[in-house]
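Protein chains: 2
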Amino acid sequence: MAKRLYVVGLGPGDPKYFTAQARAALEDAQVLCGYTVYVELVKGLYPDKETYTTPMTKEIDRCRWALETAEGGRTVALVCSGDAGVYGMAGPVLQLAPQFPEVEVEVVPGVTSALSGGALLGAPVGHDFCVISLSDLLTPWEVIENRLRCAAAGDFSMAIYNPASHKRPDYLRRACDILLDAGVSPDTVCGYVRSTGRAGEEAHVTTLAQLRDASLDMFCTAFIGSSSTLADHGRMIAPRGYEKKRAL
Amino acid sequence: MAKRLYVVGLGPGDPKYFTAQARAALEDAQVLCGYTVYVELVKGLYPDKETYTTPMTKEIDRCRWALETAEGGRTVALVCSGDAGVYGMAGPVLQLAPQFPEVEVEVVPGVTSALSGGALLGAPVGHDFCVISLSDLLTPWEVIENRLRCAAAGDFSMAIYNPASHKRPDYLRRACDILLDAGVSPDTVCGYVRSTGRAGEEAHVTTLAQLRDASLDMFCTAFIGSSSTLADHGRMIAPRGYEKKRAL
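The listed protein sequences correspond, in order, to chains A and B.
Numbering-wise (my numbering), the first sequence opens with residue 1 and increments by one.
Numbering-wise (my numbering), the second sequence opens with residue 1 and increments by one.
Incorrect hints may appear among the rest.
Note that identical chains are pooled: a pair holds if it fits in a single copy or bridges any two copies.
As the list claims (entries may be wrong) - Keeping only pairs whose Cα atoms sit at most 25 Å apart, straight-line, the calculated SDA-like set for lysine to any residue is: (1) 58 <-> 239; (2) 49 <-> 185; (3) 3 <-> 202; (4) 43 <-> 72; (5) 16 <-> 41; (6) 167 <-> 198.
By construction, these hints were calculated from the structure, which means they are not laboratory data.
Only a predicted model underlies this, so the values are computations on that prediction, with no experimental measurement involved.
Put together the whole structure using the sequences plus the hints.
Okay, structure coming up:
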């Protein structure tokens, strides 16, 4: 019998964002594991299943535990918020997986915040876009700064993950200052969402100058428009094309 | 009673990728409309619902028809492949929507190809990434070229949409040449998927030099690794961080 580990993207939280494939994986699994908050989300739906939770910083232990448990013969679903890949556990699991050759790993994609938060705002990532995390826990700040500058030079729309946390209250302000320094207009249409699909859900359309001074937290995703992004009746919209072809 | 238009991202095709929210929108709708191929995907599930299809190039007519029909009192689901926003119909619908003030537009996000194709390959967009379309139907090629160069300068992972078509058989080669010219190593780990979730599904891990000469078509999505992307046991993996912090 196949030894199986699902790495499952749940979307932002509410079960309405679960795909049928994610639902089937959760049903097939004997053990649900992941970061405490995400396991709580699914536990209520499957109260009889075994669960295993680890705190935020113990991701590699969690991946190893999931692979070991699958190797032992129990089917495991390792749950992630958003997508299974994007800043998720699919990468570390697949890096460890060759040590567990009998385990078949199936990656189950999910709706990442750029899309779920984007839908609340309108269509901020309707055309070419970048996803950039401001967390410097595993990435040097210089890499993040360079990516912000390059995204600005490419006139990309951006979805900014992890814009702030208790330990990094000013990172979004630093990022906005880098974008302003790179020539992005302070009037650029921007937006942010908080707690998509959960209690306290909010969506705000603003400008880069205002976003710089907004109070975002770890439950937020920020969106920076390209030069052609519009604010229209409270929505943030990246047009599909360049009807007015711009000089570069 | 609310006049309602759902703009629904279906994911890559197979109903396993539908979210519960997408399913509920399709069920609530009286009329299903969209590009012929996508309406065919959902018609089988709801054979009794009215459908309205338009060809690929008639998107704006389709959006207007959907808004008019919703204004007339019938609930409409306008379906898109992948996400509702990413190169989808949410943008044009929201741009037209102020002309139909009684219609409530709800954007329902879906699993875009960067995620669904990414899951087949492993975790190619596990860290910061860009999504870039090579279609120059609505975007000048110079904008696309600049974005490729900036994505390379930022050492982003990339998901490349619309890598080729009958009319643009050599665009992926041109894009690869731009990346090589911008200093991306020919050994960079790359990948591509074809027909995710449909008959003929394929996933290939390769290098930038080989991707340049691969035969991709309009059913493909290509993935370009960052300098830290790994190929491991047939998977393409973007590590979550910079354990070896690189000099910039």
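Comparing the hints with the structure gives:
1. 58 <-> 239: Answer is between: at 16 Å across copies they meet the 25 Å cutoff, but 41 Å inside does not.
2. 49 <-> 185: For residue 49 and residue 185, the Cα distance exceeds 25 Å both inside one copy (52 Å) and across copies (47 Å).
3. 3 <-> 202: Between copies only: 23 Å across chains, 41 Å inside a chain, cut-off 25 Å.
4. 43 <-> 72: Close inside one copy (22 Å), not across copies (43 Å); limit 25 Å.
5. 16 <-> 41: both (12 Å within a copy, 21 Å between copies)
6. 167 <-> 198: For residue 167 and residue 198, the Cα distance is within 25 Å only inside one copy (23 Å; across copies 45 Å).
The structure fails hint 2 only (numbered hints given earlier).
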